[in-house]
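Could you put together the complete structure from these sequences and hints?
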Amino acid sequence: DTEVTQTPKHLVMGMTNKKSLKCEQHMGHRAMYWYKQKAKKPPELMFVYSYEKLSINESVPSRFSPECPNSSLLNLHLHALQPEDSALYLCASSHPGQGINQPQHFGDGTRLSIL
Amino acid sequence: EDKVVQSPLSLVVHEGDTVTLNCSYEVTNFRSLLWYKQEKKAPTFLFMLTSSGIEKKSGRLSSILDKKELFSILNITATQTGDSAIYLCAVNDMRFGAGTRLTVKP
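Residue numbers (the numbering used here), protein chains in the order written: chain D, -13 to 101; chain X, 44 to 149.
Derived from the structure by calculation, the hints contain no laboratory data. Built from N, CA and C at the ideal position, the CB exists for glycine as well. Among the hints, erroneous ones may be present.
Derived DEER-like restraints, expressed as beta-carbon distance ranges [claimed, not checked]:
no.	chain 1	residue 1	chain 2	residue 2	range
1	D	P82	X	S94	18 to 24 Å
2	D	G0	X	S94	49 to 55 Å
3	D	R16	X	E82	23 to 29 Å
4	D	P47	X	E69	23 to 29 Å
5	D	I42	X	E69	15 to 21 Å
6	D	H63	X	E69	34 to 40 Å
7	D	S51	X	R74	27 to 33 Å
8	D	E38	X	T61	29 to 35 Å
9	D	S51	X	G59	47 to 53 Å
Straight-line distance between alpha carbons at most 20 Å, and here's what the computed SDA-like set of lysine to any residue pairs gives [claimed, not checked]:
no.	chain 1	residue 1	chain 2	residue 2
10	D	K27	X	F88
11	X	K46	X	T93
12	X	K84	D	H(-4)
13	D	K27	X	D45
14	D	K24	X	K80
15	D	K26	X	R144
16	X	K84	D	N43
17	D	K8	X	K84
18	D	K26	X	A141
19	X	K83	D	T(-7)
20	D	K27	X	V48
21	D	K26	X	R138
22	X	K84	D	L(-3)
23	D	K(-5)	X	K84
24	X	K80	D	E30
25	D	K26	X	K83
26	D	K8	D	N43
27	X	K83	D	N43
28	X	K83	D	E(-11)
29	X	K83	D	A73
30	X	K83	D	H91
31	X	K100	X	G59
32	X	K46	D	E44
33	D	K26	X	G59
34	X	K80	D	H91
35	X	K80	D	A25
36	D	K24	X	K84
37	D	K27	X	K110
38	X	K100	D	Q88
39	D	K26	X	T146
40	D	K27	X	K84
So this is what it looks like as structure tokens:
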């Protein structure tokens, strides 16, 4: 088990559903990340929060909506997803970099399937 | 556009072999290069490199950065089946290379 907890571990949803992915860490990290990973591909950065403010949005479609309600929690709200959105969604956290990247701690991910 | 290229993409070796994985990059304002190991789920952090020529070592794994030639290598000596994984390198802004899939056969 990792120090970054993601729930649920698996999610199957229809294209009209609304669901949320959750991520929690208690390491005092003030940077949190969402990645999307397709099979046999590397993680692709989606969003970065630094001190609870959105600092990077990698031109992600609006059907993905991130939220960082506090320094320990990160949510990803999903609505009207497409079958190609099926993937492993990874959350990570780190100390915010001061000019350099900081090592990230990853959760085990949520495997999302869109019917 | 920033680029991170890993090679080889796939590698099959036998236990006891030594392997060298490569990560080359073209980025503006280089800050650091990180290596991760991904087995079934979460990538786990291995090394962070910021300065040229300084080897980082952890057990049978070691890594070094060359900022002049813009690459890093990850060495694994005396490989074991537990080293089988995808090895990812990430440079600036959390952008990952495609990874090297290493398979170590008994």
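Tested hints:
For D/P82 and X/S94, the Cβ-Cβ distance of about 21 Å falls inside the hinted range of 18 to 24 Å, so the restraint holds. Restraint check, D/G0 to X/S94: a C-beta distance of roughly 51 Å satisfies the suggested window 49 to 55 Å. Separation of D/R16 from X/E82 is about 28 Å and conforms to the stated range, judged on CB atoms against 23 to 29 Å. Checked against the hint of 23 to 29 Å, the C-beta distance between D/P47 and X/E69 comes to roughly 28 Å, which is consistent with it.
Evaluation of the 15 to 21 Å hint for D/I42 and X/E69 yields a pass: the beta carbon distance comes to about 20 Å. Distance hint check: the CB atoms of D/H63 and X/E69 are about 35 Å apart, consistent with the given range 34 to 40 Å. For D/S51 paired with X/R74, a C-beta distance near 29 Å keeps the hint of 27 to 33 Å intact. At roughly 45 Å, the beta-carbon separation of D/E38 and X/T61 lies outside the given 29 to 35 Å, and the hint is violated.
Between D/S51 and X/G59, the C-beta spacing of about 50 Å keeps the proposed range 47 to 53 Å intact. Simply put, D/K27 and X/F88 have alpha-carbon atoms about 18 Å apart, close enough for the 20 Å limit, and the pair holds. Restraint check for X/K46 and X/T93: satisfied, since their Cα atoms lie roughly 17 Å apart, inside the 20 Å limit. Simply put, X/K84 and D/H(-4) have alpha-carbon atoms about 12 Å apart, close enough for the 20 Å limit, and the pair holds.
At roughly 18 Å between alpha-carbon atoms, D/K27 and X/D45 fall within 20 Å of each other, so this suggested pair holds. Only pairs whose Cα atoms come within 20 Å are accepted, and D/K24 paired with X/K80 is accepted, the gap being roughly 17 Å. Taken as a hint, the D/K26 and X/R144 pair is honoured in the structure, with Cα atoms around 9 Å apart against an allowance of 20 Å. For the hint linking X/K84 to D/N43, the alpha-carbon distance of about 24 Å lies beyond 20 Å, and the restraint is violated.
As the CA atoms of D/K8 and X/K84 are separated by approximately 16 Å, the hinted pair is consistent with the 20 Å bound. Of the pairs offered as hints, the one joining D/K26 and X/A141 holds, with about 9 Å between alpha carbons and a cut-off of 20 Å not exceeded. Pair hint X/K83 plus D/T(-7) holds up; C-alpha atoms about 17 Å apart against a cutoff of 20 Å. Restraint check: the Cα-Cα separation between D/K27 and X/V48 comes to about 13 Å, which is no more than 20 Å; the hinted pair holds.
For a cut-off of 20 Å, the pair hint linking D/K26 to X/R138 stands: about 16 Å separates their Cα positions. This hinted pair checks out: X/K84 and D/L(-3) have alpha carbons roughly 16 Å apart, not beyond 20 Å. Distance hint between D/K(-5) and X/K84 is fulfilled; the C-alpha atoms sit about 11 Å from each other, no more than 20 Å. Our distance criterion of 20 Å between C-alpha atoms is met by X/K80 and D/E30, whose separation comes to about 16 Å.
Distance restraint check for D/K26 and X/K83: the Cα-Cα separation of roughly 11 Å lies within the 20 Å cut-off, and the hinted pair is therefore satisfied. Proposed proximity of D/K8 and D/N43 is supported: the alpha carbons are some 18 Å apart, at most 20 Å. For the given pair, X/K83 sits about 27 Å from D/N43 by alpha-carbon distance, which is inconsistent with the 20 Å threshold. Between X/K83 and D/E(-11), the direct Cα distance comes to roughly 16 Å. Compliance with the 20 Å bound is thereby established for this hinted pair.
With a CA separation close to 14 Å, the supplied pair X/K83 and D/A73 stays within the 20 Å bound. Simply put, X/K83 and D/H91 have alpha-carbon atoms about 15 Å apart, close enough for the 20 Å limit, and the pair holds. For the suggested pair X/K100 and X/G59, the alpha carbons sit about 18 Å apart, so the restraint of at most 20 Å is met. Pair hint X/K46 plus D/E44 holds up; C-alpha atoms about 16 Å apart against a cutoff of 20 Å.
As the CA atoms of D/K26 and X/G59 are separated by approximately 26 Å, the hinted pair breaks the 20 Å bound. Proposed proximity of X/K80 and D/H91 is supported: the alpha carbons are some 12 Å apart, at most 20 Å. Only pairs whose Cα atoms come within 20 Å are accepted, and X/K80 paired with D/A25 is accepted, the gap being roughly 16 Å. Simply put, D/K24 and X/K84 have alpha-carbon atoms about 12 Å apart, close enough for the 20 Å limit, and the pair holds.
The hinted pair formed by D/K27 and X/K110 fails the criterion: a straight-line CA distance of about 26 Å is larger than 20 Å. For the hint linking X/K100 to D/Q88, the alpha-carbon distance of about 18 Å falls within 20 Å, and the restraint holds. For the proposed pair D/K26 and X/T146, the alpha carbon gap of about 14 Å is at most 20 Å, so the pair holds. Of the pairs offered as hints, the one joining D/K27 and X/K84 holds, with about 13 Å between alpha carbons and a cut-off of 20 Å not exceeded.
Consistency note: the structure conflicts with the earlier hints numbered 8, 16, 27, 33, 37.
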